[in-house]
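Enquirer: Line order of the protein sequences matches chains L and R.
If you read the first sequence in this note's numbering, its first letter stands for residue 6, the second for the next number, and so on.
If you read the second sequence in this note's numbering, its first letter stands for residue 6, the second for the next number, and so on.
Just so you know, the hints here were simulated from the structure itself, not pulled from any lab data.
One or more of the hints may lead you astray.
The list makes no distinction among identical chains, and a pair is therefore deemed to hold if it is satisfied within one copy or across any two copies.
As the list claims (entries may be wrong) - Calculated pairs, DSSO-like style, for lysine-lysine (alpha carbon to alpha carbon, straight line, at most 27 Å):
hint, residue 1, residue 2
1, K106, K152
2, K269, K153
3, K153, K289
4, K269, K129
5, K27, K309
6, K269, K152
7, K289, K152
8, K106, K309
9, K289, K269
10, K289, K22
11, K289, K106
12, K250, K106
13, K106, K269
14, K106, K22
15, K289, K27
16, K289, K250
17, K309, K22
18, K250, K309
19, K152, K129
20, K22, K152
2 protein chains.
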Amino acid sequence: MSRVIRVGAAQLGPLQKSDNRKVAVDRMVALLEQAGREGCNLVVYPELALTTFFPRWDIEDPAEVESYFEPDMPNAAVQPLFDRARELGIAFYLGYAELAKNGADTRHFNTSVLVGPDGRIIGKYRKVHLPGHATFDPQRTFQHLEKKYFEPGDLGFPVWPAMDGLLGMCICNDRRWPETYRVMGLQGVEMVLLGFNTPATNSQRPEEQDELRGFHHELSVQAGAYQNGTWVVAVAKAGEEDGHKLLGDSMIVSPAGLIVARTKTLGDELAVADCDLDDCVFYKETVFDFARHRRIEHYERITKQVGVVRPDSTAAV
Amino acid sequence: MSRVIRVGAAQLGPLQKSDNRKVAVDRMVALLEQAGREGCNLVVYPELALTTFFPRWDIEDPAEVESYFEPDMPNAAVQPLFDRARELGIAFYLGYAELAKNGADTRHFNTSVLVGPDGRIIGKYRKVHLPGHATFDPQRTFQHLEKKYFEPGDLGFPVWPAMDGLLGMCICNDRRWPETYRVMGLQGVEMVLLGFNTPATNSQRPEEQDELRGFHHELSVQAGAYQNGTWVVAVAKAGEEDGHKLLGDSMIVSPAGLIVARTKTLGDELAVADCDLDDCVFYKETVFDFARHRRIEHYERITKQVGVVRPDSTAAV
């Protein structure tokens, strides 16, 4: 049985503050139509795909903050995307800001869902590794307030049986952390879907050469793919949003760590590749046969301590 | 206070089966002399630097196996290296096959030592991630019997205060495992020293393009450096040993994950770089500030399970 998934990495160009949900959804549907014509089975959209990347502002008005969040998924604004995907029989990954209500309790997460070709939500992931900071930082050239607007994900890194394989999800900064891929790798993941919004310059080191931003993105994704023998589909919201440039470089990476498809622009663009899940097998059974090679007795620090404990200190930080 | 270490990555060309320890040590001393002329403070030699890479053969004669191991370190054969390094005030990393005796009990490890500029051994590391297999494998185009000749290291991944910084060690295949760097990163490591002997072709997939070997080597080392904000010095035994080609590509990688020096040949060659340990600080205090960003509550699988547990199974493998 062939286990080839034709994947469309559906990069979005910028969404301005003035763009409403309909602008975003119309553009996503247009990419979905293209994906349908190209025979895709699965389309991956960016992180926070429905709005501009609002954590770059220190917003004080609670109502304005709430306006970026979705209390329900799907909802009326995104229903056209769900409907058209179901008609075309295309599964998709969608990132959005989630307002989770439980009675009077409300919680905020940076979330993604995996929607099956039948339009049903197969799985939900909430971003674990929130970058940035929680309060206004005057040292930065621009803000990155994800720790203000979201709480860390509480669902771990599950892996779902789907598309005749095992699929996982993560979001943006998660991709820089080898723990992200490894936790999914230990569940046999064969394809990791991830959306991102990555500033094209470093807010804490403006003199850094911008090329490093793309290099670190690629390095992290390619290493995560290779070291776990898994496909990774990484998809950007790209281009200049309200005066702030975002990285593009959406890509599909093979279990060998090779970039097999990538976007060439900073706008709406679909990059397509046939991803054979059986390409994972060689790596999982040889160099990264975890059962034969891992030595967990020496890994204890990874789960016992959060921060650095230097050999000359006795206190955890 | 400046914390710049001038590092020499002292790649060795091939050592044939017929070469004795003196051949290896003489060549290492020659590289040491060059390092001294170039002002190096620290020289890194390969894994198993004193002999040919013997795990490529299935050796049946116990005496022949033992002939590749060092019961003492230093010993008469390597004393000239220790002596000359002390005279020059150069610290070094040396990989060798260790025969550890404890009464009648003998154990075998793939080991490295870090020797201070005063000639004293600062630390010892025993390779944790042994690649390959334990018995003859007729499916391979050549053997890789590290699991036959060595037992897994029992010393973990310590980090030592040295050279005004924190130095760690690992060996060859360890570099492909993000756990290796992370355990040292969680101790604040600022420079990881590693030697390797990596076959230039894949014994289990001879049709694989050979370029992948170097790519996977670089990818793993560069990701480990970046994701922990540490220097990594990776040094090969290179070239054709007894008809078997080994990868070269010795390199010094910065905390940005950039290759700042590398060898250009498959022979004895010294690649030099000034490594400022303070270059680690930016990464350790921003994107990889572990204390602020790591979420160990979601990492449990990394230390609780060795092999893959698929979501559709209940049994660990």
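Enquirer: Look at each hint and say if it fits the structure.
Expert: Evaluation of the provided hints:
1. In this assembly of identical chains, K106 and K152 lie within 27 Å of each other by CA distance solely inside one copy; the values are 19 Å within and 54 Å between copies.
2. For the identical chains of this complex, K269 and K153 are neighbours neither inside a copy (33 Å) nor across copies (49 Å), given an alpha-carbon limit of 27 Å.
3. In the homo-oligomer, the alpha carbons of K153 and K289 lie at most 27 Å apart only across protomers (21 Å), although the nearest pairing inside one protomer, at 39 Å, exceeds that limit.
4. Taking identical chains as interchangeable, the C-alpha atoms of K269 and K129 are never at most 27 Å apart, the minima being 29 Å within one chain and 48 Å between chains.
5. Taking the shortest alpha-carbon separations for K27 and K309, neither the intra-copy value of 46 Å nor the inter-copy value of 45 Å comes in at or below 27 Å.
6. Taking the closest pair of Cα atoms, K269 and K152 never come within 27 Å of each other, the shortest separation being 31 Å inside a single copy and 45 Å across copies.
7. Within a single copy, K289 and K152 get their C-alpha atoms only as close as 35 Å, which misses the 27 Å cut-off; across copies the closest is 18 Å, which meets it.
8. Taking identical chains as interchangeable, the C-alpha atoms of K106 and K309 are never at most 27 Å apart, the minima being 32 Å within one chain and 33 Å between chains.
9. In the homo-oligomer, the alpha carbons of K289 and K269 never lie at most 27 Å apart, since the shortest distance is 31 Å inside one protomer and 32 Å across protomers.
10. Proximity of K289 to K22 under the C-alpha cut-off of 27 Å is found in neither arrangement, the shortest distances being 44 Å within a copy and 33 Å between copies.
11. Taking CA atoms no more than 27 Å apart as the test, K289 paired with K106 passes in neither setting, with 40 Å inside one copy and 36 Å between copies.
12. Proximity of K250 and K106 under a CA criterion of 27 Å is satisfied in neither setting, with 33 Å inside one chain copy and 61 Å between copies.
13. With identical chains, the CA atoms of K106 and K269 are never at most 27 Å apart, being 40 Å at best within one copy and 60 Å at best between copies.
14. For the homomeric pair K106 and K22, the shortest alpha-carbon distance inside one copy (25 Å) is at most 27 Å, but the shortest distance between copies (70 Å) is not.
15. Taking the closest pair of Cα atoms, K289 and K27 never come within 27 Å of each other, the shortest separation being 42 Å inside a single copy and 41 Å across copies.
16. Within a single copy, K289 and K250 get their C-alpha atoms only as close as 38 Å, which misses the 27 Å cut-off; across copies the closest is 25 Å, which meets it.
17. Taking the closest pair of Cα atoms, K309 and K22 never come within 27 Å of each other, the shortest separation being 42 Å inside a single copy and 45 Å across copies.
18. For a Cα distance limit of 27 Å, the shortest separation of K250 from K309 qualifies neither inside one copy, at 38 Å, nor across copies, at 41 Å.
19. Taking the closest pair of Cα atoms, K152 and K129 come within 27 Å of each other only inside a single copy of the chain (20 Å); across copies the shortest separation is 41 Å, beyond that limit.
20. Proximity of K22 and K152 under a CA criterion of 27 Å is satisfied intra-copy only: 20 Å inside one chain copy versus 59 Å between copies.
Hint violations for this structure: numbers 2, 4, 5, 6, 8, 9, 10, 11, 12, 13, 15, 17, 18, all remaining hints satisfied.
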